[in-house]
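Q: Those sequence lines, one after another, are chains L and U.
Counting the first sequence from 1 gives a position; this note's numbering is that position plus 946.
Counting the second sequence from 1 gives a position; this note's numbering is that position plus 1243.
Check before you lean on any hint, since a few could be wrong.
Some, not all, of what chain U presents toward chain L, calculated at C-beta under 8 Å [stated by the list, open to error]: (1) Lys1484; (2) Pro1485; (3) Lys1511; (4) Gly1514; (5) Ala1522; (6) Thr1526; (7) Glu1528; (8) Phe1638; (9) Val1706; (10) Asp1711; (11) Asn1714; (12) Arg1747; (13) Thr1751; (14) Glu1753; (15) Pro1759.
Just a sample of chain L residues kept apart from chain U, beta carbon distances all over 10 Å, derived [claimed, not checked]: (16) Tyr1012; (17) Leu1013; (18) Ile1099; (19) Val1112.
With a cut-off of at most 20 Å between alpha-carbon atoms, the simulated EDC-like pairs for lysine to aspartate or glutamate come out as follows [what the hints assert, rightly or not]: (20) U/Lys1662 <-> U/Asp1591; (21) U/Lys1755 <-> L/Glu993; (22) U/Lys1547 <-> L/Asp1107; (23) U/Lys1784 <-> U/Asp1768; (24) U/Lys1752 <-> L/Asp1107; (25) U/Lys1471 <-> L/Asp1035; (26) U/Lys1462 <-> U/Glu1399.
Just so you know, the hints here were simulated from the structure itself, not pulled from any lab data.
No residue lacks a Cβ here, since even glycine has one placed at the ideal position from N, Cα and C.
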Amino acid sequence: MSQYILRRLMIAIPSLLGISLVLFVVLALAPGDPFSELATNPNVPPEVQAALRAKFGLDDPIYLRYLHWLAAMVHGDWGFSFVSRVDVDTLILQRLPTTLYVVGSSQLLALLIAIPVGVYAATRPYSLFDQLANTFAFIGFSLPTFFTGILFILVFSVKLDWLPFVYTSVPGSGIPWLLEMIRQAIMPVMVLGLFQAASMTRFVRSAMLDVIRLDYVTTARAKGLGQAKVIVKHVMRNAMIPVVTLIALQMPAVFGGAIVTEQIFRIPGIGSLLISSILANDTPVVMAVTFVFACLVVLFNLIADVLYGWLDPRISFR
Amino acid sequence: MFDNNLRGMIDDVKDGRMDRRAFVKRMIAVGLTAPMANQILAIGGVAMAQSPNPYKPTRRGGGGPLKLLWWQGPTLLNPHFATGTKDQDGSRIFYEPLASWDVDGHLNPILAAEIPSIQNGGLSADAKTVIWKLKPGVKWHDGKPMTADDLVFNWEYASDPATAAVSIETYSGLTVEKIDDLTIRITFKKPTPFWANAFVGAYGCIIPKHLFAEYKGGKSREAPNNLKPVGTGPYKFVEFKPGDLIRGEINPDYHMANRPSFDTIEMKGGGDAVSAARAVIQTGEYDFAWNIQVEDEVLLRLEKGGKGKALFAVGGDIEFIAINFTDPNTEVDGERSSIKTKHPILSDPKVRQALALLVDRDSVKKAIYGRAGRTTANYLNGPEEFVSKNTKWEFSIEKASALLEQAGWKPGSDGIREKDGKKLKLLYQTSINGPRQKTQAIVKQACQKAGIDVELKSVVASVFFSSDVANPDTYAHFYADIEMFQIPMTQPDPALHMRRYHSRNIATKENKWQGPNFPRWANKDYDAAVDAADTETDPIKRADLYIKGNDLMWQDNVTIPVMHRLAVEASSNTLRPALSGWANQTDNLQDWYRET
Chain L
947 MSQYILRRLM IAIPSLLGIS LVLFVVLALA PGDPFSELAT NPNVPPEVQA
997 ALRAKFGLDD PIYLRYLHWL AAMVHGDWGF SFVSRVDVDT LILQRLPTTL
1047 YVVGSSQLLA LLIAIPVGVY AATRPYSLFD QLANTFAFIG FSLPTFFTGI
1097 LFILVFSVKL DWLPFVYTSV PGSGIPWLLE MIRQAIMPVM VLGLFQAASM
1147 TRFVRSAMLD VIRLDYVTTA RAKGLGQAKV IVKHVMRNAM IPVVTLIALQ
1197 MPAVFGGAIV TEQIFRIPGI GSLLISSILA NDTPVVMAVT FVFACLVVLF
1247 NLIADVLYGW LDPRISFR
Chain U
1244 MFDNNLRGMI DDVKDGRMDR RAFVKRMIAV GLTAPMANQI LAIGGVAMAQ
1294 SPNPYKPTRR GGGGPLKLLW WQGPTLLNPH FATGTKDQDG SRIFYEPLAS
1344 WDVDGHLNPI LAAEIPSIQN GGLSADAKTV IWKLKPGVKW HDGKPMTADD
1394 LVFNWEYASD PATAAVSIET YSGLTVEKID DLTIRITFKK PTPFWANAFV
1444 GAYGCIIPKH LFAEYKGGKS REAPNNLKPV GTGPYKFVEF KPGDLIRGEI
1494 NPDYHMANRP SFDTIEMKGG GDAVSAARAV IQTGEYDFAW NIQVEDEVLL
1544 RLEKGGKGKA LFAVGGDIEF IAINFTDPNT EVDGERSSIK TKHPILSDPK
1594 VRQALALLVD RDSVKKAIYG RAGRTTANYL NGPEEFVSKN TKWEFSIEKA
1644 SALLEQAGWK PGSDGIREKD GKKLKLLYQT SINGPRQKTQ AIVKQACQKA
1694 GIDVELKSVV ASVFFSSDVA NPDTYAHFYA DIEMFQIPMT QPDPALHMRR
1744 YHSRNIATKE NKWQGPNFPR WANKDYDAAV DAADTETDPI KRADLYIKGN
1794 DLMWQDNVTI PVMHRLAVEA SSNTLRPALS GWANQTDNLQ DWYRET
């Protein structure tokens, strides 16, 4: 087992190197300039813009810049943002809690909806409940979050005036602070959670249906076990194996944030950091966020594989 | 009563516990005249109430929170590193210059005791020195006094190339020396009629020497106070998250009486302009939103029965079409649009004149900019004394067609004019931006009617405005026949604005396209006018020189002004912000208050 994990980690190194190289080259080839805002400012002569480019090493050849970046990364130095002149790790750590809170809650909400609804729908296939659940699931994952987000804002903020649509960090502490934090997170969590829940419900339902018709389930029923016990202990446990994999693979997204939703609700998360850095051509930040994301995907893939074997002992590690 | 009591009363006024007017009344009661009472206050360290902005609150604080929404959040808080206006706006909450620009483009003293003038001996007749006197008793947020040493340090800091300050140009070509603790002398290398650049406005914000002295030059990025500003401003720093949030609290020791009015300040970043306008005008979640570049139609709809309104500030920002005087399609020594070539079509003045007749400024205003634009024939649109009254514009397809006929361009079989077998075809580029693409469409339509085939091209803004030498799509390379964008006027003086088109500033491969004269226009009369204005100390003669420059550009159709653009802000109905088209939005933040 530990040998297997070690081997997988060794394999991950060249693939991460490859990913970083591709990311870096693509970003370096992309046109643009972090100092383009200075261009039309008559107070700032173009030489200043050029001097800044030179100082931050933007005029060096690509391979040299990549090697500099890699060497620094190995030493744990993530570089600094050209735009805010702050260390990249500080920027990311500042944004991480918000993303974990909002995207994490929405994943949790999705699970809380998807598992009960999916399981119940699978026990009564083609019943009225199943039909309704299916219809809503289809609507749910057909509507993109940028649409539902704006729809929610129009209904709950503009028309009804119940919820704020600008997410901001609230000063203070105690119960009122907690309530405010929850209140402003309701809309983004709903938008993201319902979208996730829709596709996950479909997945849980089909996983359950695959298992529920197997012979051992009939055997369990023949033993005289109650419906609840059969479903929870015998069907669900096996049906959840692919679901667990799916959830594990979605975990990087919890850290990576939700670009569109964060932008709509002005959530200061990793997703909005990424998009504003891309728009500002702030290469070190874009590089760090995407690379960390790549590492998380590789890591959670490994975790999913390990979990798989633990849930289903028939699978062995070789 | 005197002495001890008087001291106490002066302190009361200083701290805002007593109204200036009440103080003057009491002094009159004991037999002093009002100007004398004011002098006592000035000597006692209370600033003269010179600010032209109306200000009603009679005490400091108590105004509750002020919530600002900047749809591009400030990314850094060191005014010398501020890349965009958003960063300047954020820094300005905590840092202050000696003076800022008011609505009419005049100086309003902030940290200065008075505005230098010839009369008060602050300015010399040869325009080579300026003497600034600081307001006494100003303290940094950490309690240390602000002195002339801080000003000298700011000059050393910003003018050192290793610091990589964006404000380097503002502080070069001059020296700053300390006369005494509250007086400095700026000496320019050559006569500088526009002397109010260093220590004034956005790049004039002053950082404390005692916190930044160790971080001058190469170590500038490591200063911990880059993220934790300690300034002299109306609000003290609480929290900063780059690109997301700035929070501040009232400065109880602020150097202006009764100011500021708000207890806390929050500047939230992110999102887009439309939803920012919505949060202020429609739902009232925020008090003020910055730079609302939204179609006027949308704003009018939001304003109906809303909680806020749009505000417009007049400055000198100009949206215009520039004409390429060189040939973008011929390569000379590895360079297109080289000054060794002449544009095959646009070098004919009649064609340029025809083009100017084909830009329907009224339609552009009506369909796109609305209240946020004014039609103009001038490139230079402010301040008032610099605006030419000799120019005019009109929209006429007939006149344009007639001019093209005269120039020998006859309609071909496909309706496109041609001359010597060459089609009248132009490439028209701009940056990607909703209003610009609509303007392109309006111009193209009119051109088509006059028999000019216009090809439209739009480039992502971050590329179009980049200084990337290798990228041919930047505005400076100008590998197109005409191009359109906006040049902001960041200070109420035309010097920088007009110097751009001097023939020594032509953008070429040799200067890596850093020369700001991108139309590559060369005119001896214009050069002479701008050169003369640079050192002319008589304000009236100087204004005439700039008007002459503007008129030369108009006669030669170097640029076709599309719209004199106003700054658009969204504000709650109860907020009374002090705004100026010549300054950044937060430049007069100390004068903001809420009507109750």
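Q: Hint numbers the structure violates, sorted upward?
A: 8, 12, 13, 14, 18, 19, 24
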